[in-house]
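Peer 1: Just so you know, the sequences run in chain order C and R. Residue numbering for the first sequence follows my numbering, beginning at 73 and increasing consecutively. Residue numbering for the second sequence follows my numbering, beginning at 73 and increasing consecutively.
Since the hints were derived computationally from the structure, they do not count as laboratory data. Treat the hints with care, since some could be wrong.
Cut-off 30 Å, straight-line C-alpha distance, at most; resulting in silico cross-link-like pairs (DSSO-like, lysine-lysine) [unchecked claim]:
| no. | chain 1 | residue 1 | chain 2 | residue 2 |
| --- | --- | --- | --- | --- |
| 1 | C | K152 | R | K152 |
| 2 | C | K199 | C | K251 |
| 3 | R | K130 | C | K152 |
| 4 | C | K251 | R | K152 |
| 5 | R | K312 | R | K228 |
| 6 | R | K74 | R | K199 |
| 7 | C | K241 | C | K304 |
| 8 | C | K251 | C | K289 |
| 9 | R | K74 | R | K130 |
| 10 | C | K241 | C | K199 |
| 11 | R | K185 | C | K152 |
| 12 | R | K152 | C | K199 |
| 13 | C | K152 | R | K199 |
| 14 | C | K185 | R | K152 |
| 15 | R | K344 | R | K301 |
| 16 | R | K312 | R | K234 |
| 17 | R | K185 | R | K245 |
| 18 | R | K228 | C | K185 |
| 19 | R | K199 | R | K241 |
| 20 | R | K234 | R | K245 |
| 21 | R | K251 | R | K289 |
| 22 | R | K301 | R | K228 |
| 23 | C | K130 | R | K152 |
| 24 | C | K185 | C | K130 |
| 25 | C | K228 | R | K185 |
| 26 | R | K251 | C | K152 |
| 27 | R | K152 | R | K228 |
| 28 | C | K130 | C | K228 |
| 29 | C | K304 | C | K289 |
| 30 | C | K344 | C | K380 |
| 31 | C | K325 | C | K241 |
| 32 | R | K325 | R | K304 |
Number of protein chains: 2
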Amino acid sequence: MKILALAGGVGGAKFAYGLYHSLDPHDLTIIVNTADDFYYYGLYISPDVDTVCYTISKQASYETGWGLSGESWVVMENLKSLHGPGWFNLGDRDLATHLERTRRMQLGESLSKITSDFCQYWGIQSKIIPMSDNPVQSIVSTVEFGDIPFQEYFVKYHHTPKTKGYSFKGIEKALPNPKFVQAIHDSDWVIICPSNPYVSVQPILSLNGIREALIGKSVISISPIIGGKAIKGPAANMFKDQGIEPSAFAVAKFYESILTAMVIDDQDQDQKLLIDQIGIICLTTNIYMQSTNDRIRLAEEVIQYCEKLNR
Amino acid sequence: MKILALAGGVGGAKFAYGLYHSLDPHDLTIIVNTADDFYYYGLYISPDVDTVCYTISKQASYETGWGLSGESWVVMENLKSLHGPGWFNLGDRDLATHLERTRRMQLGESLSKITSDFCQYWGIQSKIIPMSDNPVQSIVSTVEFGDIPFQEYFVKYHHTPKTKGYSFKGIEKALPNPKFVQAIHDSDWVIICPSNPYVSVQPILSLNGIREALIGKSVISISPIIGGKAIKGPAANMFKDQGIEPSAFAVAKFYESILTAMVIDDQDQDQKLLIDQIGIICLTTNIYMQSTNDRIRLAEEVIQYCEKLNR
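Using the sequences provided together with the hints, build the complete structure.
Peer 2: This is how it looks when you write it as structure tokens:
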């Protein structure tokens, strides 16, 4: 069974890890959000691509979910002693990724080619593909600070500002990676990982031709909301800011037009009926991924469910 | 007594250290060559400025003369694991200097303003001024590789290629730092540190108006050549490549038109007469700086000699 996974940062990366270590990696393609990408100290930072790659190759910091394990912070400490900005932490090992990627991009190489090479160096056997090689930038409209890039909202302001809306600068002109479109056609199932619907998955789905390519495909989503709360990050607050009660059902509604099936947590059992009623079939299980074993267990359950639905 | 020192990299920095720790630092201005500056991983590297600043503030690696002491190499090791270039070594602490400088330059700040701020953070009380805020690039014409930037000749090819000549791209348009011109006027003595005449001092002297400003000033040079050999680096080979026997006398001839006095090593005693004959007075002493005490001892001797000549 060929799987195409759509992923954002930490939550998406955890589930992608589960898929990677459950499937034959050659049967898995992961499309990663790049709308969070930004420049910092002149370096091109691609937080979601890095988090997915680091997580799958078992290099990610287990404590934070982002960055590398066993990281040192010599450069960052010295940047602070020179009064440089420090709102986004760059570990020494992590910094090498940004430096070499930026160097190659400045020579005209694409983010996807560079990512593919890095994956090879890191021993990753699945295809990890940035959603687009063109710049797209998530802008969060906040009450307090006006329109700000996502990473400033998320990291600099600790995702506390009240939000009014989200837009994706450059999305009209951005082309989806050609391998993304091909992977949709080749896939048996498209899995939307438990990532933030508004700012991690929406940019991927908003790329030219993607919603059209998904018509008639089997699409399943794992809820990033459990018991009305986001597992991590601002997803629940974003639903609230839009006047929507955050819930697994709200996630199902968000993806309604493209969704075949949904995976929700046992404690949201009461929402299964609501989701069924809008024509989306629903698996309930324990979707909270605490350990690395949880990731694999959940991925295996989701794959089995997809296989069952295909029969 | 107001001193203006002209310096390149390691040799110049050692003597500048001696001056800094012998004089009232407010009586010392150091102009540093920037024609070796280059971009590496998109970062603006200013090797001579950094070497002078690190050396004077006692942060330099004593073993190498360049870079920082107690340095770690995590970023560089990880760059190599990503198959990135590794011909120029960047330590983790050093990297912070390049990152923050590049960040500020990209915002339009000048190299001299940034250097001035860094000097303040590092507790340096003398003025350390890049020779120009405009780009100048030393090009070494080699038999083997054609015209290459100085750092490639020096570091990448370990200054082994035979050279045909040297040019300074951008020198016609580059303006000397206004504080440089002012410091010439204000100085009692201009000291040419024991740096490479061809590629460290020549760019400084070639800036618009500098040779003219030096007319009538007292200028003294410390020979970078002892016993026909360069203390460090390619200076002796460059004289040979130009068909000139490397010697203290050759250095005196090189600077003949601007030089008042010259400081040469005891073992080059026989050249004193030759140098005297071209109208340049000459101090012979031990000019080899092994320890930090040697630097201070030599600087004190040179200052005393200058004071004696002024009486």
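Peer 1: Each hint should be assessed against the structure and marked as holding or not.
Peer 2: Going down the list of hints, with the structure as the test:
1. C:K152 <-> R:K152: 26 Å, holds
2. C:K199 <-> C:K251: Since the Cα atoms of K199 of chain C and K251 of chain C sit roughly 9 Å apart, the hinted pair holds (cutoff 30 Å).
3. R:K130 <-> C:K152: 20 Å, holds
4. C:K251 <-> R:K152: Holds. K251 of chain C to K152 of chain R sits at ~29 Å (cutoff 30 Å).
5. R:K312 <-> R:K228: 21 Å, holds
6. R:K74 <-> R:K199: Status holds; Cα separation ~12 Å.
7. C:K241 <-> C:K304: This hinted pair holds, its Cα atoms lying about 25 Å apart.
8. C:K251 <-> C:K289: Roughly 16 Å between the alpha carbons, so the hint for K251 of chain C and K289 of chain C holds.
9. R:K74 <-> R:K130: With a Cα-Cα distance of about 23 Å, the restraint between K74 of chain R and K130 of chain R holds, given a limit of 30 Å.
10. C:K241 <-> C:K199: 26 Å, holds
11. R:K185 <-> C:K152: Holds. K185 of chain R to K152 of chain C sits at ~18 Å (cutoff 30 Å).
12. R:K152 <-> C:K199: Given that 30 Å is the threshold and the Cα spacing comes to 23 Å, the pair holds.
13. C:K152 <-> R:K199: 23 Å, holds
14. C:K185 <-> R:K152: 18 Å, holds
15. R:K344 <-> R:K301: 17 Å, holds
16. R:K312 <-> R:K234: 9 Å, holds
17. R:K185 <-> R:K245: Distance of about 20 Å is within 30 Å: holds.
18. R:K228 <-> C:K185: 27 Å, holds
19. R:K199 <-> R:K241: 26 Å, holds
20. R:K234 <-> R:K245: 29 Å, holds
21. R:K251 <-> R:K289: The hint holds at about 16 Å.
22. R:K301 <-> R:K228: Measuring from Cα to Cα gives roughly 22 Å; hence the hint holds.
23. C:K130 <-> R:K152: At roughly 20 Å apart (the allowed maximum being 30 Å), K152 of chain R and K130 of chain C satisfy the hint.
24. C:K185 <-> C:K130: It holds: about 21 Å lies between the C-alpha atoms, which stays within 30 Å.
25. C:K228 <-> R:K185: Holds, at roughly 27 Å.
26. R:K251 <-> C:K152: 29 Å, holds
27. R:K152 <-> R:K228: 15 Å, holds
28. C:K130 <-> C:K228: OK: K130 of chain C and K228 of chain C at ~27 Å, within 30 Å.
29. C:K304 <-> C:K289: 29 Å, holds
30. C:K344 <-> C:K380: Holds, at about 18 Å.
31. C:K325 <-> C:K241: Between K325 of chain C and K241 of chain C the Cα gap is close to 25 Å, so the pair holds against 30 Å.
32. R:K325 <-> R:K304: Roughly 20 Å separates the two Cα atoms, so the pair holds.
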